[in-house]
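Engineer: The chain contents come next:
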Amino acid sequence: MKMLTKFESKSSRAKGVAFHPKRPWALVSLHSSTIQLWDYRMGTLIDRFEDHVGPVRCVNFHPTQPLFVSGGDDYTIKVWSLNTRKCIFTLNGHLDYIRGVAFHHDLPWIISCSDDQTIRIWNWQNRQEIACLTGHNHYVMSAQFHPTEDLIVSASLDQTVRVWDISGLRKKHSAPTNSRSFEDQIQRQQLPQQDIFGNINAIVKYVLEGHDKGVNYASFHPTLPLIVSAGDDRVVKLWRMSDTKAWEVDTCRGHTGNVLAAIFHPHQDIILSVSDDKTIRVWDLNKRVPIKQFRREHDRFWLIASHPTINLFAACHDSGVMVFKLERERPAYSIFQNKLFYVNGEKQVQSFDFNKQENSLPMLSLKKIGKTWSFMRTLSYNQSDNSILVVHGEGDQSNYALITLPKHATGAIEPNDIRQGEGNFAAFISRNRFVVFIKSSKTLHIKDLNNNVTKTIQLDSSINDVLSGSGGRILLIKSHSVINYDVQQRKELSELLVNNVKYVSWSNDGQYVALLSKHTITIANKDLELITSMHETIRIKSAAWDDSGILLYSTLNHIKYTLLNGDNGIIKTLENTLYITKVQGTLVFCLNRAGQVEVVKIDPTEYRFKRALVNKNFGEVLRIINNSTLVGQNIIGYLQKKGFPEVALHFVQDPETRFELALECSNLKVALEQAQILNNPQIWNKLGEEALNQGNIKIIEQVYQQLHLFDKLSFLYLYKGDKERLDKMSIVAEHRGDLSALVQNTLYNNDIKKRCQVYISSGMLPLAYTLAKSNGLDEFAKEILEQAGVSEKDVELPELGEAIEPPKPIDEPITNWPLKESSLTYFENALLTGKVENLTIEDEEKFETPEEIEFEDEVEEEEEGAWDIEDVELPEEEKVEIEGTGITEVEYWLRNAKTPASYVAAGAFEQASSLLNKQLGVVNFEPLKRRFLQVYGASKLYLPGTDDLPAMKDFIRQDADEDSPNKFEPIIPGFESLDELLSIGFKQFRANNLEEAIKTFKNCIYTIAVLTVEDEEQEDKCQEILVLCREYILGLSTELARRALPIDQVKRNLELAAYFTKCQLQNPHKQNALQVAMTQSFKNKNYASASYFAEQLIKISNGPKAEQAQKIKTKADSVSADSIEIEFNPYADFEICCKSYTPIYKGESYVEEALVGAKYKPEYKGTVCNITNITSIGYPASGLKIR
Amino acid sequence: MDIFSDSGELYTIRNQFHTYQHNKVIQYDLNSFSPDVQLKVLEYQIRSTIALEQDASNLIENGKSLFPDSEELFQLLSAWNDLKDFGTDDSTYFEDIKEGKFELQAILTTLYLIKFEKDIDQAIVFLSSYINSVNTLKKYNELEPFLILIQLYLIKGNLKMAINIFENLKKDFPDSARDSTIYQVFESWILSIKNETDNINNSYYFYDEILASDFGDDSEPKGKFKILNVLLVLTLQLRHVPEAQELIEQMKSLNVVDDNFIANQITLKNILGDDTNDLISQLRKLNPEHDLIKDLDAKELIFDEIATKYKSV
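As you go down the protein sequences, you meet chains U and Y in turn. Per the working numbering, residue 1 is the first one in the first sequence, and the count goes up by one each step. Per the working numbering, residue 1 is the first one in the second sequence, and the count goes up by one each step.
Hints are supplied without guarantee of correctness; some may be wrong.
If you only want the chain U side, here are some residues facing chain Y, beta carbon under 8 Å, derived [unchecked claim]: (1) 488; (2) 929; (3) 942; (4) 947; (5) 960; (6) 974; (7) 977.
Part of the chain U face toward chain Y, derived, beta carbon under 8 Å [claimed, not checked]: (8) 934; (9) 943; (10) 951.
Hints listed in this document are in silico derivations from the structure and should not be mistaken for laboratory results. Note that CB positions come from ideal geometry on N, CA and C, so glycine has one too.
With the hints as constraints, model all of the structure from the sequences given.
Structural biologist: Written as structure tokens, this is what we have:
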């Protein structure tokens, strides 16, 4: 048994605590007068209530209404509203501290008990005290209603527990009853608990005596006729009642201080008690023996309460409250094919068929495995011998048991062959092996089914736990990382940094893994390469993959999903926590905490939609759009975020959002429609701006009209050149009496007369006259003069020029600005053309693979058109066994072959040689024979079977973990041995075994020519080695040629020695070359050259070699001239022809070879390369391909 | 009750026979078995004796007198024994068999067809027709023909047919068949040839378990060698080279000469890039008909042709 602490508050002394029946809330009343309301799931303080004066000893939530009640040392009972968070009213009556308060489960009653030695019952609806129960002759420390019957149990410092019958009170407060008989009334008069009318409220049914000191707490069992009590005599007592009597059953001894409270576990046969000895103790109800105790260092416990439905307890102590549960509630399970094997609430193994959605009968009872209260933590199933492996218990007490399941489920039978042992983790890793991890010694045992250890592995001390891996592997869990471990090879394959992983979920195809920590999910691939990771504020409980690579996971109160890119969302809110075991289409198969299978139906549309969008599977997206009702801000926000506003537009009904989305995807048509619906100036304004940006004059006009922006409208007509409308605008302006606008309009449309009229009407006659006159409206001018009562002579006008002509539109009235034709997006197109209309879910496949369909159609047509084949009835056979080999391993290899080497391994020597010829110009194949046969032979195995028969053909793959047939490839050996080959070559070089060294370097080249490598890094390395081999072979061949010269060819000798030094050798080897060149030069009196080589040698050597070189240099420098002129200029840029061993200077023409890049003088074109001995010089080859 | 089931009397001896524990098989006292199964026990003992390359004529003679009604069976065993001792010299027993009448006859004739006639295709036809002619109920007890048939297909490299037979068998046979070692043996082959780490590991553990439980001592060096020989293949498939080298050392110490062992060593040498000439000549000497040699010769021929072709261009 284990205490799992879910929440701890830090405060002053807590005296009372209560759980909310539905929400994750707890009320805590403090000695300091405060009542706190906590969300224990989130760990946040929701509110504080401070109306009481002095300590508050008790609180209680109403089971259904948003109310709670509290009682304090101020003698008052307060009833509070959870909605307003205020005290609604106060119940007064008690004459001393209130010790306990509680609501009745169905009647509108509150019970309270007090140091005034009474228990009172109140009706909180009419706020009246309806009964006062007297009888205790000391403080009443606790009182509570029976959960179903009309009973009360109370505990008092008078050393008694009393059970009261309150059926009378219920009768009185329910419907009126028949008048009582005379006898009844007489009888009732004898009883003390009656009101002034002789009604009996409550009678003491039993007085339970047995405690030697005051009793602090008594409570009923939720279903059985049992009472548990806790007293200052340090004991917990169990009592039983019948209809007529009650008696003490037993005493639980162990507490070393006063026991302040004791309650029954709501579901299990357990008693919990708290004491000021700083312990919480757990007792076995049936045996009355202690099971476990939990100690706090400094805090005395005051009260313990249980949650009405969930497996949660709260205990008050000196520095706050702790909320905890006893034991895990995650049912152990394992999935094999279509079956779920799980441990149910009765500790029995049961199976569930996912296809039939049917539970089997229980098959096996695990009650006798381990200790009575030990919990089955994990279950692993082995199909090959139909057995299970369970792990139970905690810490050092953790054990595993291997049990064979009965062949048929006929009810929970007791297991008979239990093989068990110590282990904190145990799971099958193959059909007849399982692995066990013992935490205390950090060892891993591989065991066979007889429970014998076949292998022991000592693990690193930092390993905390082990979890299931895929394919014979396990995951080693460290505090900050997870390691993928191959048990067979004892090898750590990879490691991923992630904190405190507790559970793991592998995808159905084993490609992905979700690592679950308390608040984090980390998704990685099977090689533990991080894909994504996410954080959840609510605890993560479980996870399972659906078939399409989406992870569904459950938190305490939600089922959620996540895509591989980390996009996630909520699928469903849960009433009770569920553990997801499998996802199949729209069904999520879960286990609840009672160990029952619950099938939850979900709507996977949202995540399928998102996945389709992310994977750019637009066909699927469209299909979903057309067939599903996918709505909600969430999805719209998602679409906007992902850059698909046009898709979002399709979903949205709400005009405002539609309008915004339409603007975002520049769909003015839709925006206009929505604006008309919304008809709000702000919206119109926005539309106007966007329309202006796009140059959509029609909509701008509409917007201006709508908004009565006449000035802008006039201006719009002006630049549009729409005379007609401008005139109308004048009329409109006139109507509105807006003279300023009118003048403006007359300016735009050059309506002089109108303008004059405006001036006139405004009394601005001089201006009107001037305007008329200047525009040649002489008669009108005259009229104005007359109106003004002046003659023409009186007016002195400046010299007038020509009337100004207003600008004329160039052409027809301007229409909308031409926009570049843009193609519609995939979605717009589909949504506009309605192409999607015909799609249905059934068409899914067709839509995704149109080519296939076409192909099928063609075939059909052909068959029907060209051939007239009658239907032939095939004889029905039970099993159709088609003779044929299927695809053999080698055929897979051929199909997947990319390099010459893979063709060689598959035995296709012709293809391989043809490739080598084209890629590298190989013409001389003989030297490659050994390599060909080696590569071919390395992947073939001979599996012996029955005696007298030949062996079976078996194969070695490059990667045995690969499960995709498109990647089956043969093992191609050689890359690993390259380094070794090189070092052999160097050794031979040093030993002056030059011919052998050349052979070795050539071998290296042949290995690489027929090789497949995994990655770029390896490929680069091969390229480097090829160059290195070329340089060594060239250098050594030069040196061999030099050594083969007759003595008299001094000049050539010196030249070859000099060329040897030009080869790119490693320093120790270069020293050899320089030494040869130096001594040869010196000996032959080519002092200048000798000095040069000596200088080069000094640069890269030390010790005796450098000293000798220094000496030679000094001597040579004293002469500093060459006696024989050789063709070698150390300062010139040149390469050496690999055949003639003569320089090819920069700028001179040369031909190259394709494998190692050896250079030759042009005359050697078409001959076989000296370095490789296999390739043709100057052959038009495409280059090495080994990946 | 099925005498081969795990509670039947023949369960252990059959397992031992099929896991090469021939010494254990022949050591049983015939009388310790109930009369019903004694004939079958004797049959195993005779076959084990022959497999150990010992002469079984005495046993066969004894059998004839003990079980006068089973003349046919002893004729067959005697022919098989002679075949092993003297080759195909005089007897035409197997040549004359055109169709198998009972299980062992079908099996041994098939083996004969392979070994002496070298005709796998004919062997397959022969064995299949026997299997098809047997009624279903009897078939449940006769898994061995399937074992041979599956191996024949696998020798031909036809994994698909092997799996086909295996899957049909799984469908048709009662679940109890899966407890049989024979079943597990051919399953282990198929797993290995299917490749992929999980499959290979499963197969590996099957043999590892036999090795641990039945070959603790060295009383069956030949049997142990055979198990190790399979484990070597599986280890190489997993590319666990150092482990394979260890196995080879262990196998060498058992002093058993075996062509497949040499062939698989050649494969390992190829992986390591080591010289294989010695081993190839050893194998050529021991069994010039071995697939590796035949394959190698064919490939060399092809290669030489290619080399000549390109040289002449």
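Engineer: Next item in the hint list is residue 947 (chain U). Is there a CB on chain Y closer than 8 Å to its CB?
Structural biologist: holds, 6 Å
Engineer: Taking 8 Å as the limit, does the beta-carbon of residue 951 (chain U) come near enough to a beta-carbon in chain Y?
Structural biologist: At 5 Å from the nearest chain Y Cβ, residue 951 (chain U) passes the 8 Å test, so the hint holds.
Engineer: Against chain Y, is residue 977 (chain U) within 8 Å by beta-carbon distance?
Structural biologist: Cβ of residue 977 (chain U) sits 5 Å from chain Y, so the hint holds.
Engineer: Given residue 942 (chain U) was flagged as interface, is its beta-carbon under 8 Å from a beta-carbon of chain Y?
Structural biologist: holds, 4 Å
Engineer: Closer than 8 Å between Cβ atoms is the bar; does residue 974 (chain U) clear it against chain Y? Give me holds or violated.
Structural biologist: Status holds, d = 6 Å.
Engineer: Hey, does the residue 934 (chain U) contact hint survive, CB to chain Y under 8 Å?
Structural biologist: holds, 5 Å
Engineer: If you take the shortest Cβ to Cβ gap from residue 943 (chain U) to chain Y, is it below 8 Å?
Structural biologist: holds, 5 Å
Engineer: Take the shortest C-beta to C-beta distance between residue 929 (chain U) and chain Y; is it under 8 Å?
Structural biologist: holds, 6 Å
Engineer: Using the nearest Cβ pair, does residue 488 (chain U) come within less than 8 Å of chain Y?
Structural biologist: Check passed: Cβ of residue 488 (chain U) comes within 6 Å of chain Y, closer than 8 Å.
Engineer: Taking the least C-beta to C-beta distance, is residue 960 (chain U) closer than 8 Å to chain Y?
Structural biologist: Nearest chain Y Cβ about 5 Å off; hint holds.
Consistency with the previously given hints is maintained throughout, with no hint failing.
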